[in-house]
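If you're matching them up, the sequences are chains A and B in order.
For the first sequence, the numbering used here assigns the number 143 to the initial residue and increments by one for each residue that follows.
For the second sequence, the numbering used here assigns the number 143 to the initial residue and increments by one for each residue that follows.
Honestly, the hints are just simulated from the structure, not real lab data.
Please note that the accuracy of each hint is not assured.
The list treats identical chains as one, so a pair stands whether inside a single copy or across any two.
SDA-like cross-link-like pairs, simulated, lysine to any residue; straight-line CA separation at most 25 Å [unchecked claim]: (1) K272 <-> L207; (2) K234 <-> T149; (3) K272 <-> P173; (4) K272 <-> D201.
Protein chains: 2
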Amino acid sequence: MAVVNSTFFSDIEQGQLGQHYDLTTIMDAIPWNSDGLISAIAQDIHSKDVLMLAWINRDALLETLNTGQICYWSRSRQRLWRKGESSGHRQKLIEARLDCDGDSILFLVEQAGPACHTNRPNCFYLRLNKQHATILTQPII
Amino acid sequence: MAVVNSTFFSDIEQGQLGQHYDLTTIMDAIPWNSDGLISAIAQDIHSKDVLMLAWINRDALLETLNTGQICYWSRSRQRLWRKGESSGHRQKLIEARLDCDGDSILFLVEQAGPACHTNRPNCFYLRLNKQHATILTQPII
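Full structure from sequences and hints, please.
Structure, rendered in structure tokens:
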């Protein structure tokens, strides 16, 4: 949904199944925001639960694809964030999928332990309705 | 992961299962970004596939919770985007879940037709590996 820096993503919409493009071409076409980031969603490959949303820059994405371990960019710490580097709650990359306008990526992962810093299985633990927010889950460790 | 405008979200981490808070309190605590937005993920309630990532502001979130139909904020058009208003590919809200730092929301939805503007079932149709991006799916209509 960002203002894209090329027509690359609209040009490939009609591409054939299985058609492929060099990773460098994609990396150059991604509409990184003013901080050099796109959003990244982690989904559990087994339960299919959405685990968390974080941010990733070019270096973090390349590291993730090359090592098979998820590496984000920490906006609060302004550095690469190798998920689980302190907690041990690592995410093993199973598959990475970029979206239609290139500004969001979905990681299918094998999650070790809780994904959330609150030690809940995932970060989405507050159910909202028109009146309330309700706590849905508790820390598992 | 944004710089939060209160300690609300860290204060409630230890809240009990089922504990609830007024929606207004939550709305005021959400760390809306400089454009007044947080990210919103739509997940199919049946297949559990992640459908898309978009953005939502306070008005769009309130409308979504009150009508039960997903309404985003379109950054390109700078207006409320009632998903499916032109295509008919609407998203019915089943459950909304805010994350641990309040800057991302997960919508579990019933999706009518394809979720993606390319007429694919979901937006994440480019698989990335360390060398290539490959087209995974084709338009279904």
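Going down the list of hints, with the structure as the test:
| no. | hint | verdict |
| --- | --- | --- |
| 1 | K272 <-> L207 | between (40 Å within a copy, 5 Å between copies) |
| 2 | K234 <-> T149 | neither (32 Å within a copy, 31 Å between copies) |
| 3 | K272 <-> P173 | between (35 Å within a copy, 19 Å between copies) |
| 4 | K272 <-> D201 | between (40 Å within a copy, 12 Å between copies) |
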